[in-house]
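Novice: Here UniProt numbering is used: the first residue of the sequence shown is 1, the next is one more, and so on.
Treat the hints loosely; a few may be bogus.
What the hints assert, rightly or not - Heads up, simulated DSBU-like pairs for lysine-lysine below, C-alpha to C-alpha not over 30 Å straight-line:
1. Lys-28 x Lys-73
2. Lys-92 x Lys-17
3. Lys-35 x Lys-92
4. Lys-92 x Lys-28
5. Lys-28 x Lys-38
6. Lys-17 x Lys-28
7. Lys-92 x Lys-73
8. Lys-21 x Lys-92
9. Lys-73 x Lys-21
10. Lys-38 x Lys-92
11. Lys-38 x Lys-21
12. Lys-21 x Lys-35
13. Lys-35 x Lys-73
14. Lys-38 x Lys-73
Just so you know, these hints were derived from the structure itself, not from any lab.
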Amino acid sequence: MIGISSAQLSNEMFYAKTCPKALRTIRKTVQDVVKNEKRMGASLLRLFFHDCFVQGCDASVLLDDTSNFTGEKNSFPNANSLRGFEVIDDIKSQLETMCPEVVSCADILALAARDAVAEVTN
1 MIGISSAQLS NEMFYAKTCP KALRTIRKTV QDVVKNEKRM GASLLRLFFH DCFVQGCDAS
61 VLLDDTSNFT GEKNSFPNAN SLRGFEVIDD IKSQLETMCP EVVSCADILA LAARDAVAEV
121 TN
């Protein structure tokens, strides 16, 4: 059985109007993290891949377990395997301070993965 997955990033012009510093903040945070620990570039790309692989690129890989819900973060294939959650959490926190409830976690994951690849291939 082969699954199909697709990703849809919000139009970057949307963030130019609604949260002008969003893309720069994501890029700078990823650059700093990858500069400090090169492997984090691959970890962020892998985190994005695992998010997209299950049921699409919806940031569900970031969901924690609750008493009545088992999230993807701690599911068997991901537990003790995926890294970079703290980077995404840091970016989300920065963006929520700047422009609350504007930048989606799915877009943060996609942009962080993009910027991580750019950083390690430069």
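Novice: Honestly, which of those hints from before does the structure not fit?
Specialist: Checked against the structure, no hint fails, so every one of them is satisfied.
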